[in-house]
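Asks: Given chain A, work out where chain B should sit, using these hints.
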Amino acid sequence: MAKRSAPEVNAGSMADIAFLLLIFFLVTTTIPKDSGISRKLPPIEPPNEEDVVIKQKNIFTVLLNGKDQLLVEDELMELKDLRKAAIEFLDNGGDGSCDYCNGGKNPKSSDNPDKAIISLKNERETSYAAYISVQNELVAAYNDLRNKRALLIGPQKGFRDMDFVMMEKNYKDPKFPGDTDKLKEIIDQIRAEYPEKLSEVQ
Amino acid sequence: MSKFKSKKDNALPAVNTASLPDIVFMLLFFFMVVTVMREDTLLIENRLPLADQVEKLEKKYPISYIYAGKPARGYEKFGTEARLQLNDKFADISEIQAFISSERQNLLTEDLIPYMTVSLKVDKEANMGIVGDIKQELREANALKINYSVGTGSALDN
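Chains as they are written, first to last, in this note's numbering: chain A, 1 to 202; chain B, 1001 to 1158.
One chain only, chain A, in its complex shape (with noise of 0.2 Å):
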């Protein structure tokens, strides 16, 4: 007997089935979106803790109110002003023991920025948007300083056009070819000279 040869299978329908996966996976799923703006909250202390006194012009003041206004050193500000302000104060290095800072040593302002703190204060009627944009310009702050920073000492340790958060992009990334303990110890480095000191005020 001939050996008859396989009927042919019908795909015609396939598209039909495969348009029906596309949709439900198109319903089910999102496309991961998981950034943001990281912070560490403060622990809660113990009631009896002493309290350290800091000179008054060692803190900046940011105050945003109900009305989402920005008071800045107790002056009205613009939010597009608050990244230049800032870092005029963190860059200032009024007691003359930063040799690394560029600001102008103006004496009523911040000592060092290891000791310059950011206090911010919001209230309860504060918009989340108007909160996460001053930290943003704030967090901006830290980032330049440490940018222009890396830019200066990277070259030497071998790290040429590197700005400070490409370096720590570069630490995180397993494939980065350069040597990472070296980038550590300048990444150590550059956050110890430019303390992130953001407090906020309960």
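Possibly wrong hints are sitting among the right ones.
Cross-link-like lysine-lysine pairs, in silico, BS3-like; alpha carbons within 25 Å at most [what the hints assert, rightly or not]: (1) B:1070 with A:33; (2) B:1056 with A:172; (3) B:1056 with A:115; (4) B:1089 with A:184; (5) A:33 with B:1077.
Just so you know, the hints here were simulated from the structure itself, not pulled from any lab data.
Replies: Chain B alone, transformed into the frame defined by chain A:
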């Protein structure tokens, strides 16, 4: 002459759809690879504010999500004030500590607890009152690593 003319000559030829399944499968695989399953069904409005100093949240450490915002359409009976959502339902501020401890129990090992990040997805029209309360509860639960989830854009446009 009419002998050589067939009737079908006037009709358009059918489009060849043999490669349609291939195209659709390609799209399907693309979406399967780049997307993830929805974690929670949102009962609230959740339009994130914009910022440009963003860091990527690392997936290798556990992340818990807390949502807050105005109840979405269809849930108007819960009011127009910003509310908190944990998992798939509205929650009270006082439930955060229980939520954090249950999230901790779901971790693979206890060593991961200090690395657990809480991602706050808060609507940009919410006020800071609810965010401050959430932060206070998280401090009491000792979940100190937080991340304000934002969209990428200029913060001056908020």
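Asks: May I ask which of the numbered hints given earlier this structure violates, with the numbers listed in increasing order?
Replies: As far as the earlier hints go, 3, 4 and 5 are violated by this structure, in ascending order.
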